[in-house]
Amino acid sequence: MSYHPHGTPSFRNLVVRPMWITLKTALRTVPFLGKLKFLKSGYHAQPADMLDPETSRRVGESHPSSGQKFSADRETSQLMPFVERPVTVMYPYERLDDLEPWLFVPGNYNGRIGVIWETCTACKQCVRACPNDCLHMTSEVRVNVLDTAEEGDDWHGFGSELEVGGLAAMPREDFHEIEEQHDLVKDHTSAPQQYEFAEVIDITGETATVNWMDGSGQQDVALSSIKPAEEDIVSGRIDLGRCMFCGLCMEACPFESFFMTNEYDGMSGFTREDLWMDADRTRVLPSVHKERVDMELAKRAKKEKAKRERKAAKAEA
Amino acid sequence: MMATGDWLDLRGWVDGLVGWSMDNVHDALPSKDLDLTVTISPPKGIWPEDILLGRVVNLQDGFADMQPGLEGLFSATMICTVVFTTMMLTMLPIPYIERKFIGRLMDRLGATTTLRSLWIGESGVTAGKWWNQLPFGMGAPIGWLNKTLNSIWGNDHKLDAVSRVNNRGYHGYWFLLPGFFQAFADFTKFAGKEHIVPKDADRPVYEVAPVIIISTTVLVFAFVPFGPHFYVSSPELSVVFMMAIFGVAPLGVFFAGWASNNKYTLIGGMRSAAQLTAYEIPLLITVLGVCVISGSFNVIEIVDFQAEESNVWNLFMLPLGAALFLITMIAEVERIPFDMPEAEAELVEGWWTEYGGMRWGLMFAAEYQRCYAACLLFALFFLGGWEAPFQGTMESLPIVGGGLEFLLALIPGIAWVLIKAWALFAVFVWIRASLHRVRTDQILEFGWQWLLPLSIVNLAIAMFLRVWVWDGSWGIVAPIVMILSGVLGLVILVVDEDKEALETMRRPYSTYAVTKAYPGRHPDSKLEDLQRQYTSYSAVKAASSVSLSDTEAGS
Amino acid sequence: MLARSSEVRIMAEMWISMGPQHPMTHGLWTLKVKVDGETVVDTEPDLGYIHRGVEKICEARDFTQITTYCDRLCYASANTWSHSYIYAVEDLLEVEVPERAEYIRLIAVELQRIASHLMWLGAYGPDIGNLSVMVWCLREREMMMDLLQELGGSRMHYNFPRVGGVKRDLPHGFAQRARAKVSLFLNRIQEYEALFDESTIFLIRTQGVGYTKPEEMVNHGVTGPNLRAGGVNYDIRTAHPYSVYSELDWEPPVERPSIKGADCYDRYRVRVEEMRVSAMMVLEALDKIPRGADTYHAPGDPAILGKAPSRAPEGTSGSHHFEDSRGESMFYLAGGGEGRGKMPYRVSIRSPIFITIPYASKCMVGYKVADIPAIMGSFDPCIGETDR
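These protein sequence lines are chains P, V and A, in that order. Last residue of the first sequence: 329 in my numbering, with the numbers rising by one and none dropped. Last residue of the second sequence: 553 in my numbering, with the numbers rising by one and none dropped. Last residue of the third sequence: 432 in my numbering, with the numbers rising by one and none dropped.
Mixed in with the good hints, there may be bad ones.
[Said to hold, decoys possible] Just the calculated beta-carbon pair ranges, DEER-fashion:
hint : chain 1 : residue 1 : chain 2 : residue 2 : range
1    : A       : Ser363    : V       : Val425    : 33 to 43 Å
2    : A       : Ser363    : P       : Asp166    : 50 to 60 Å
3    : P       : His18     : A       : Gly81     : 27 to 37 Å
4    : V       : Val455    : A       : Gly81     : 28 to 38 Å
5    : A       : Met200    : P       : Lys326    : 50 to 60 Å
6    : P       : His18     : A       : Arg300    : 10 to 20 Å
7    : A       : Met58     : V       : Lys197    : 17 to 27 Å
8    : P       : Lys326    : A       : Pro343    : 34 to 44 Å
9    : A       : Arg96     : V       : Leu217    : 49 to 59 Å
10   : A       : Arg96     : P       : Lys326    : 55 to 65 Å
11   : V       : Glu234    : A       : Met58     : 43 to 53 Å
12   : V       : Gly354    : A       : Pro343    : 52 to 62 Å
13   : V       : Met392    : A       : Gly81     : 55 to 65 Å
Hint data in this document are derived by calculation from the structure and do not stem from the laboratory. Note that the Cβ used here is the ideal one computed from N, Cα and C, for glycine as well.
If we strip away everything but chain P, and leave its shape as in the complex, we get:
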């Protein structure tokens, strides 16, 4: 109805009703009293599960949210799930990554840019899509995605060859540990340094003489321990000072290498230049990275394989 059923100026409305409503709100914040039925207003309220079936399946039974009913701003205590209390997340001491970001910052969140540099082909679609002109090209030394496949992988062998005068990369011993321990939240100033890059001076048989780029001199290494690397032009340098996190760049990328991650941290600095995020500062979660690299690797290796088969068929014919 248009007018409120009790909307008249009267003494009841002068003092009693407003003060009673605020007192109810205050009482709701008290742990046990807050659960009393009469403090809750009655209509349209059906208790709802905290998580939908899909998310509960993903987070599992042991997650603190299992078994709880939804209440917009309350948390139930661990010991007594039926006792509610208001909860404040003490950001920045308490990061939501500890509490499973998918609950609070959903996967679709337009967070920090993340780029899978291995799969970027510098097609410039993202640069064109940006309304604010905040993407620029740089170049980076990296291992081509086709070369990241190990021996024994399905898609091994479709990459390029090592050449004298070219670049090489040797995976470090703790290759996988580096990837796993890379804390995106705190280590946002550089990428996981998984490879050591070097220039190839000479290749003789099964050994190659390489000159390490970090200045530790020349060394002979086994050919099987290094992979070819290249210096590529990639879409680098995102100027976060101009970025408005609209997500158009992510949609423009045809190679699934450009993402907006869930991260809202790691983007601060003291100067404008600090906000220019280069390739080494726009990494995605290792699991996502791996997934995407594998996908792109499979796609390109398939294409390469088809191309070689066609070439072989033509050579035969």
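Guided by the hints, dock chains V and A onto chain P, whose structure is given.
Leaving out everything else, chains V and A in the frame of chain P:
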């Protein structure tokens, strides 16, 4: 002025201490006469007699002459200091209550930060887990209880960093009352800020305004007794003086609003002056009603009247008076709903916009001190002051009366006064969180049209009760009748609902805009009426001279 | 009667500038009022403080990029503005939008409307003096923001619609969360109403204050909740239906004002009822959405994004009237701009509050200074869209 007994006999102790020390000084002084006379025998040719200069001094007697004056001085100084310090310290819970309670009412605070149980320490540590020291593992259930309560209400969090933030004990007293000393931090901050005077401000008036406000506010506490023997001074007309000095602060507010050279503060000052003046009168008449019913203008005697003679709190005898006092006091201290002079929505900070630094800090403190004074006065006038609820009844119970009397005597009177004042302040805060701001002209209308007649009615009731009903005690009928009438009045008011207005959706009369609003039409300006008829000054002059001759002819 | 003309003086009439930075003005604009004591005699609004040149910027962006700017027009109600623009583009390019996308758009727009009205209510309470309700409304708005965050990817500027559809489908579990949160919100509206309608002081502050006559409003071009408070049943969603509004069972709330016109209380009432109506619409749309609310289509799937050309040749134009939270917003696009038509030649934006503010300032004459926040707040100004 006999007051009910209380072991916290501050005046007695101070008098005793001072007297004892003065007596000691007296005794320590030499009691022998000191012959300080000098006899000069001039040569016989110049002066015939001996000249006697100086006199005999007895230090002890001399001191004994001065002693009463000295004792008075010292004991007055000490009592003033102690009472003032007590007032300041007991005022600290006021902003604390405001902050925490309003946070709850606004649904901003959670259980974990404010409600800390006494047995729960930081991160589960309580006095070194003393229960583990009990033999035979008797302490285990206590430990379980501690852990449980800690996990529900306490500070335990699985993240250390969160515990650190939750345990903000350095701003409170160990585990209790976090955020208690925020008030100190605030005042230190204010003290460090620059004193800025606006360029075209009226400097003498600008400077004197905060002086008036803060000094008159603090002076009120000169006569507020915190306990039966815990007051600075108690002259016969203490209520009159307190009300008078309470009412000087509006003058300071008006000065502040005018002197700041700011249109906003001017409006705020005007509103404040109008509002405070309008509510002084019902306030004074209500207080007069209390004094009439208690038979004295002395605060201590009023409390004694409730405690000793009538055994009924004035709240129950004069429910209307209590309500009026509450409303007028909220208007006097300029809290929501009577917040217009400092309405943040329009006037930023109202009449104190231009003040910075300690002057603003002191005026802010003065606002809370006036609140505190209002709460204390309500507790003293209506809630029986330092008497426990049902004290008389409890003490006269047949078997347990003696024990209860003993237990009640253990609690000093100041505790009751403070509890009542703080509880009343919580009501002030509750009102602030729930109600909207009333517009200035509506405030004034309410004050003059409703509160003034009601206060006179209240005075009449008080006079009737005192003159015809009082005969050494209230008897049994009068309190019951008054309480029932109060309850009945409240019930009638609460249940009231104008169903017909609801259906026809009629609006309250006072808010009808009587004249239609359109640009250029200003309902109160007669000049504009004239200006619409005449276009030039000379025409106006000619028109008015016409009317002048009319009135001359008519008179 | 005037005795001596030489003593005729105007007492203390002064201009007060409620300047760009002021706690009450709901945005950055100056309202100069001439007061005589406490009565307002004249007003003069002064806009343009946050003019950003959006219309000109859009001439150098292509159609997908302009959506991001339209969110920032009225930041409190971002989705309604970007959708308003998108419908205009679809009129220009003559694009067919799949029905599921229309339902998703409706859900986004109505959730945004609720959030916008909650923001308004949360600001209106403190204007009148009640501080508690601000926190409560923002608490509820957080729920809506969470839902919109799930949908659009951020809390304020979502960039949600695309030419021909929407950016993403409803995420997993969105329907369940939306139903829970909207039900909880419907629950809590009662409490806000209690603090407003059932509070005498609010009634005496807003009833009888700021009368606006419906015929004056129509002449002036005021639309939206302000107009419906005056009794004029004009809601673009019903008058010129677009999207799938005609398929849902709802009615725009219209007040019956007194003979003097609509006062602040009527405008408040309309918005509260609109919140309720929008909430019910969201619940209904979740039930009626084609293919169900729990199916998920990848971004770019034809079920949620139709095919659209990217160039608008010279000589074409498109416009659309849209019911924004504050009134009727309209975009007019002329094709044939740079990039051989990839960018529009001209973008013209009609902002409802830009039309309303001069009228609202006129309404304040004759009332008290203390009524200024009540009246100004009741028109729900948002200066982002006013200044563009």
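Taking the hints in turn, this is what the structure says about them:
{"no.": "1", "hint": "Ser363(A) - Val425(V): 33 to 43 Å", "result": "violated (58 Å)"}
{"no.": "2", "hint": "Ser363(A) - Asp166(P): 50 to 60 Å", "result": "holds (55 Å)"}
{"no.": "3", "hint": "His18(P) - Gly81(A): 27 to 37 Å", "result": "holds (36 Å)"}
{"no.": "4", "hint": "Val455(V) - Gly81(A): 28 to 38 Å", "result": "holds (32 Å)"}
{"no.": "5", "hint": "Met200(A) - Lys326(P): 50 to 60 Å", "result": "holds (57 Å)"}
{"no.": "6", "hint": "His18(P) - Arg300(A): 10 to 20 Å", "result": "holds (18 Å)"}
{"no.": "7", "hint": "Met58(A) - Lys197(V): 17 to 27 Å", "result": "holds (18 Å)"}
{"no.": "8", "hint": "Lys326(P) - Pro343(A): 34 to 44 Å", "result": "holds (39 Å)"}
{"no.": "9", "hint": "Arg96(A) - Leu217(V): 49 to 59 Å", "result": "holds (56 Å)"}
{"no.": "10", "hint": "Arg96(A) - Lys326(P): 55 to 65 Å", "result": "holds (59 Å)"}
{"no.": "11", "hint": "Glu234(V) - Met58(A): 43 to 53 Å", "result": "holds (49 Å)"}
{"no.": "12", "hint": "Gly354(V) - Pro343(A): 52 to 62 Å", "result": "holds (55 Å)"}
{"no.": "13", "hint": "Met392(V) - Gly81(A): 55 to 65 Å", "result": "holds (57 Å)"}
In summary, the structure is inconsistent with hint 1 from the numbered list given earlier, while agreeing with all the others.
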